[in-house]
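All chains should be modelled from the sequences, with the hints used to inform the complete structure.
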Amino acid sequence: MIKAQRGTKDILPENILTWQRIEKTARELFQGANYKEIRTPIFEATELFKRGVGDSTDIVNKEMYTFSVGGQNKDESSITLRPENTAGVVRAFIEHGFSRASVPVKFWYFGPMFRYERPQKGRQRQFHQIGVEMFGVENPSADAEVIALALKFLSKMGIKELVAEVNSLGCPKCRDEYKNRIKNALKPYLDKLCDDCKVRYEKNPLRMLDCKNEGCAEIFENEEIKNVILADFICEECLEHYNSVKKYLDILKVKYKENKMLVRGLDYYNRTVFEIKSDALGSQSAVAGGGRYDGLVEMLGGEKTPAVGFALGVERLYELVEHQEEEKLDYFVVSNLQDKAIETVQYLRDKEKSADFDFQNRKFGKQLEKAGKIAKNAVIIGEDEVSGGYYTVKNLETGEQKKLKLSEL
RNA sequence: GCGGGUGUCGCCAAGUGGUUAAGGCCUCGGAUUGUGGUUCCGAUAUUCGUGGGUUCGAUCCCCAUCACCCGCCCCA
Numbered sequence: 001m002i003k004a005q006r007g008t009k010d011i012l013p014e015n016i017l018t019w020q021r022i023e024k025t026a027r028e029l030f031q032g033a034n035y036k037e038i039r040t041p042i043f044e045a046t047e048l049f050k051r052g053v054g055d056s057t058d059i060v061n062k063e064m065y066t067f068s069v070g071g072q073n074k075d076e077s078s079i080t081l082r083p084e085n086t087a088g089v090v091r092a093f094i095e096h097g098f099s100r101a102s103v104p105v106k107f108w109y110f111g112p113m114f115r116y117e118r119p120q121k122g123r124q125r126q127f128h129q130i131g132v133e134m135f136g137v138e139n140p141s142a143d144a145e146v147i148a149l150a151l152k153f154l155s156k157m158g159i160k161e162l163v164a165e166v167n168s169l170g171c172p173k174c175r176d177e178y179k180n181r182i183k184n185a186l187k188p189y190l191d192k193l194c195d196d197c198k199v200r201y202e203k204n205p206l207r208m209l210d211c212k213n214e215g216c217a218e219i220f221e222n223e224e225i226k227n228v229i230l231a232d233f234i235c236e237e238c239l240e241h242y243n244s245v246k247k248y249l250d251i252l253k254v255k256y257k258e259n260k261m262l263v264r265g266l267d268y269y270n271r272t273v274f275e276i277k278s279d280a281l282g283s284q285s286a287v288a289g290g291g292r293y294d295g296l297v298e299m300l301g302g303e304k305t306p307a308v309g310f311a312l313g314v315e316r317l318y319e320l321v322e323h324q325e326e327e328k329l330d331y332f333v334v335s336n337l338q339d340k341a342i343e344t345v346q347y348l349r350d351k352e353k354s355a356d357f358d359f360q361n362r363k364f365g366k367q368l369e370k371a372g373k374i375a376k377n378a379v380i381i382g383e384d385e386v387s388g389g390y391y392t393v394k395n396l397e398t399g400e401q402k403k404l405k406l407s408e409l
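Numbering (the working numbering), first residue to last: 1 to 409.
Just so you know, not all the hints are guaranteed correct.
SDA-like cross-link-like pairs, simulated, lysine to any residue; straight-line CA separation at most 25 Å [as the list claims (entries may be wrong)]:
1) LYS353 with ILE342
2) LYS156 with GLU47
3) LYS328 with GLN360
4) LYS121 with LYS203
5) LYS370 with LEU337
6) LYS340 with GLU325
7) LYS353 with PRO119
8) LYS402 with ARG362
9) LYS328 with ASP350
10) LYS376 with GLN20
11) LYS353 with ASN336
Hints in this document: simulated from the structure, not taken from any laboratory.
What follows is the structure, encoded as structure tokens:
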């Protein structure tokens, strides 16, 4: 038997209502905030993600669905199922000349992403993200709007008491200096670090900071090291930007917590980064995450354009929201006169009522039993009704019956 | 990629080395050829994730494999 591929899931009718509610809430909220929906392709040139997401990230190194199709030149034909959507949106932004559009350019999206990982709770190989991207605004009010929007969306979905964790990674310049200071401080302990951290030490020292390895954590607890880590390293401009973000968050009454250890795993972030977590999710606790990526548009060949955005994991959100029951049909037509039944159902549907009938023409009692399970009302059509020129409508909750004309249904 | 756990009908779930693998829900049929959601009766797993092995015999023992779950890593 052929089964759904590992790490993929069918979204069944019994679950679809919640998905639709998520999508509807997103559309209304984001469009109301002047974000336009954008739908970009599921696959892109592999090169886009290598440059965009970053060569040193796990996503690019071991989690991409990459394959070649046709063509002789492998570089040209190598495509990848998108592991995230910021790179694709940036590509579209550049390709369609949005840098000429009036600032800010604001997009939102909803769609499947693909990462080849070991599946777990809150982690699938095909998963869905909802996200927003805002281009062209360096002002910290943009960062605050995006963070507030993420929280607003979650609260509209009925999830309260979530707190955003925020941090600033500084700009490339001050961050490099910070990296060097951390490397210098940790140099004497290099041997004691875990293997992963030894690699990170060279490639991306900042990512050592959220290492879960006990040995490493112990080293970072060391007074001297801790001081270096926790020291404010960001430059004047970055600090001013960060402080303004926090000021705007206060104005927006957004609850947030500063977390200096917060480092995002994608290379394109600078300055503001944030994450929204829930402890109801187990070890995959981040529902949403994002930040500023002022260098990405230029890196992908566009004009230098500041940008900020977030992405939210729909499957993780799904775990947190309350699910609603399927709504009952307005009418179920109960009749052993099939001609009448199918005709009446059509009539009801034309009047924008939800309606169905028994295609099997089962016994009256069985039809009514089924009606009781899936509909609010039964429309009964038998010999009496046909000869009398009326329809019997039975309210299936109260048991009350009425004789009505067709136009009164 | 590395550790730990699980795998019996669509769903939940008992079970034991030996003739027919409990039960509940759902579904279907009947009691009831025009009035349901209560009740009663009946039907539905040549089969116990898959493939091997041990054994006179295995759902229950062993090995492998796959899938799922929980951690690590990383991310949404």
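Hint by hint, here is what the structure shows:
| no. | hint | result |
| --- | --- | --- |
| 1 | LYS353 with ILE342 | 14 Å, holds |
| 2 | LYS156 with GLU47 | 37 Å, violated |
| 3 | LYS328 with GLN360 | 20 Å, holds |
| 4 | LYS121 with LYS203 | 29 Å, violated |
| 5 | LYS370 with LEU337 | 17 Å, holds |
| 6 | LYS340 with GLU325 | 31 Å, violated |
| 7 | LYS353 with PRO119 | 42 Å, violated |
| 8 | LYS402 with ARG362 | 23 Å, holds |
| 9 | LYS328 with ASP350 | 18 Å, holds |
| 10 | LYS376 with GLN20 | 22 Å, holds |
| 11 | LYS353 with ASN336 | 21 Å, holds |
When each numbered hint is compared with the structure, violations occur for hints 2, 4, 6 and 7.
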